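> As a plain string of letters, each chain reads:
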Amino acid sequence: MALAFGVLFVVLVLGALVAPLWASTVADRDPNRTNETGKIEVDGRQVDVVSLEGVPIGPQWRGEYFLGADANGRDVMVRLLYGARNSLLIGLAAALLTTILATIVGLVAGYFGRWVDAVARSTLDVIWAFPVILLGVALGTSLAVGGLQIGPFELEAGSMAISILVIAVVYVPYMARPIRGEVLALREREFVEAARAQGAGPLRTMVGELLPNLTSTIIVFAPLMVANAILLEAALSFLGVGVVPPDPSWGNMIDAGVDKLVTAPHLAIAPGLMLVLTVLALNVFGDGVRDAFDPRSSAAWGTRRP
Amino acid sequence: MTATRSSLTALALALATTVAIGCGGSSDGDQASAGKQGGSITIAQGSQPDSLDPALAYTSNSWEPLWLVYTPPLTYRRAEGAEGAELIPGAATALPNVSADGRTYSFKIRKGLKYSDGSPVAADDFEHAVKRVLNLESGGTYLFEGIEGATQYIEAGDAEGDIGGITADDRTGEVTIELTAADGGFSNVLATTFAGLVPADTPFENMTKDPPPGVGPYAIVKSVPNREFVMEKVPGFDIPDIPKGNVDTITTEIVKSASRQAQDVIAGDLDYMQDAPPNDLAAEIKARHSDRYKEWPTLSVNYFFLNQALPPFDDKQVREAVNVAIDSTAIARILGGRLSGTCSLVPTGIPGHAELDPCPFGDPNGPGDKAKAEQMIKDAGATGEKVTVYANNDPTRPEIGQYYTALLNDIGLDADLKVIDGAVYFSTIGNQKTKAQTGLASWYADFPHPSTFLQQVDGTTIQPTNNGNYGNVDDPQINKEIAALLPEPDLQAVANRWSALDERVVEESYIAPYGSEELTTFLSDRMDFENCSTVHPLYGNDYSSFCLK
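Sequence order for the protein chains is A and B. Numbering-wise (numbering that gives the first Met the number 0), the first sequence opens with residue 0 and increments by one. Numbering-wise (numbering that gives the first Met the number 0), the second sequence opens with residue 0 and increments by one.
Be aware that a few hints might be false.
[Unchecked claim] Here are some chain A residues pointing at chain B (derived, C-beta under 7 Å):
1. VAL49
2. LEU51
3. GLY53
4. ASN71
5. PRO244
6. PRO245
7. VAL261
[Stated by the list, open to error] FRET-style restraints, in silico, Cβ to Cβ:
8. ILE103/A to LYS377/B: 45 to 53 Å
9. ILE132/A to GLY163/B: 51 to 59 Å
10. GLY43/A to LYS285/B: 40 to 48 Å
11. LYS35/B to GLY43/A: 37 to 45 Å
12. ALA158/B to SER121/A: 28 to 36 Å
Hints are computed from structural coordinates only; laboratory data are not their basis. Source: prediction; values computed, not measured. Ideal Cβ positions, reconstructed from N, Cα and C, are used throughout, including at glycine.
Chain A on its own, in the form it takes in the complex (with noise of 0.2 Å):
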């Protein structure tokens, strides 16, 4: 099952890879090129992509408009691959980034406990403190107006990077402090405490030691930050503070067709799919990956009850 949706997931990446050569070739569009006053052949006859009246039209199974359009007369196909882009690219980097710090944080904090892991613990119970969509939309908004610039690091305002920081630093608590709780286990185990004895200074065993033995617990988390950054990126996209218009992610596409859900339900319910798809997608993969590397977790729910 796991592996089915492993495979479902490689297939929507794939899917999202070739969003260039569906709208070159197929869809003959550009995701972002509006065409309001535009007309298709539909059974013979010419109807206008969006009506007078102000009716994108529906999917027309086939290249050009395969999903429909848009108020703007996009094509909703063409946006949704694109769309799949950004929202990928987005989940993907943000809990790339989200491992990252937080590996780092707990294993500095993890490792010299103390006054580091007191400093370490309060910031990430502060973060967690807040619900992650209010403390993504907060900071989403602040620095979508006027970007961010620390020194020489600089984030242009409306930058998809804006996300990836935002998203990435939302779930850093959610992963560092299982990491820390490991690392304050095997800090006491005998093969550190030889490293230590033979002089290996702190960084080298945190990563030459602590390291290698949190590979299995980042494994484990890293499907479930992926799809937890694509969702939050999704909600953020929606409301407003994430990917910016015209550029299209599944987010934003939903938010655009909630106001056109009965005229027009496929600009909602396409992207809405494809988002349920892979979030559930990576979350069954990621069930998979913990049973495979947590023997007592598969032995448990393996076991028969007498």
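Since chain A is already given, all that's left is putting chain B on it; use the hints.
Only chain B this time, still in chain A's reference frame:
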């Protein structure tokens, strides 16, 4: 006024297409008796009004409700069509006496007039209201800068200072205003919400959270920004020709989604929606609820502002290219067909409108010429120039912003879109620090005069904040001619000169107009639509006419 939605019916069109009916239609001053009295209604706006302070409010989102709360010395007859453009006394006893040279206006405040909190109105309160407009750098500042001493008051920066040109006698109620030069439209200025009387102790700060008492049939008794504000009928309010209102309480909720607003009006959970129903539900509403839905034309202009102070729009050829490329029929579809294409700034129906046939940029109701525009951008050497397009998040505006962004990209510019919340949109693009290059704007007449439109391209109105001249247009020829025409008391006599100004705006491509939007009235089933839904030509739906069945 800047608008997130409309307030002005085209006088000429309205005269032909609307019938003065029901509560607000008569002119006997006792219109309230025509509708059922009492009850509470809940209505909705798509975004928080820019302000609920009469000194700062300058969108139709705010003027529509504030008109019932802050009565200025003069006001407009509560009637539809051309009749509604007639000036009548408001807080003043009569229309002002104007001196022969057109520089001195005098009127008397009504005796015994009281604010909604019961405190008496003093003649001196008028000067305080004007001071607040000037001191708070309101978007309406330019309207009062012609008062003797107003400029000095602003420059002195002392809120409690004196405006030399305004004298008031609290004993007699007499107010005298000296202007630096004659202004043919100043009586209309005295009828704007900016001139609405407020007590003399009203602080010099934005009072949106706690709006000051005013003189009107309703008072704002609760204001929770971005959520709701509540207006209650003021007992004892009595000014001739101003209706006392029918319903007791009007609660305005801020509901972002037009779709939800429309569904709630259909279901009876809301009684009126200020936004137009979304295209998604418009067909159903027209088919099944036509007995409580109407569309009405507006004297308005929707346009893209082009900031002349910033590249690439400091180049006339680039501005022309934008005008050539615009396809108003595309935008009309985004608006569900509620748009008539236009070529000029002053809309049809206002004296001074320039009839440009043919329009130099092509048929305003036809497709644009993107290929020609692309070549013009190339010729101007502007290909690849970075442009940020500003739009607000009110219904249909993001889609129009996306259309415009794609259009600029199609003709060779490198455009990005920035969508800003409707509540702060106009103050954001009207702040010089924002350096807004281009974006969506619209204008609905403050009063039936071409100056209300042309002030958007009057260089003398440019200010650092709350700037209504979003494109920073500063053409000495236009500035000089507006200054020369403003004192003219007979508008019809100089209509041709106003038209010439309108034509110059088109020739220089100072803005990129795309049409006049039609607006809507949609009421719940429990409202008496037939007898109690007056659309005023300047202030839109008149809440004081609303009544329950």
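> Now tell me if each hint is right for this structure.
Structure-based check of all given hints:
1. VAL49: holds, 5 Å
2. LEU51: Hint on LEU51/A: holds, closest Cβ of chain B at ~5 Å, below 7 Å.
3. GLY53: holds, 3 Å
4. ASN71: This hint holds: ASN71/A lies near chain B, its Cβ roughly 5 Å from the closest one there, short of 7 Å.
5. PRO244: holds, 6 Å
6. PRO245: With a minimum Cβ separation of about 5 Å from chain B (threshold 7 Å), the hint on PRO245/A holds.
7. VAL261: holds, 5 Å
8. ILE103/A to LYS377/B: 45 to 53 Å: holds, 51 Å
9. ILE132/A to GLY163/B: 51 to 59 Å: The hint (51 to 59 Å, Cβ to Cβ) holds, given that ILE132/A and GLY163/B are roughly 55 Å apart.
10. GLY43/A to LYS285/B: 40 to 48 Å: Taking Cβ atoms as reference, GLY43/A and LYS285/B lie about 30 Å apart, which means the hint is violated.
11. LYS35/B to GLY43/A: 37 to 45 Å: violated, 56 Å
12. ALA158/B to SER121/A: 28 to 36 Å: violated, 46 Å
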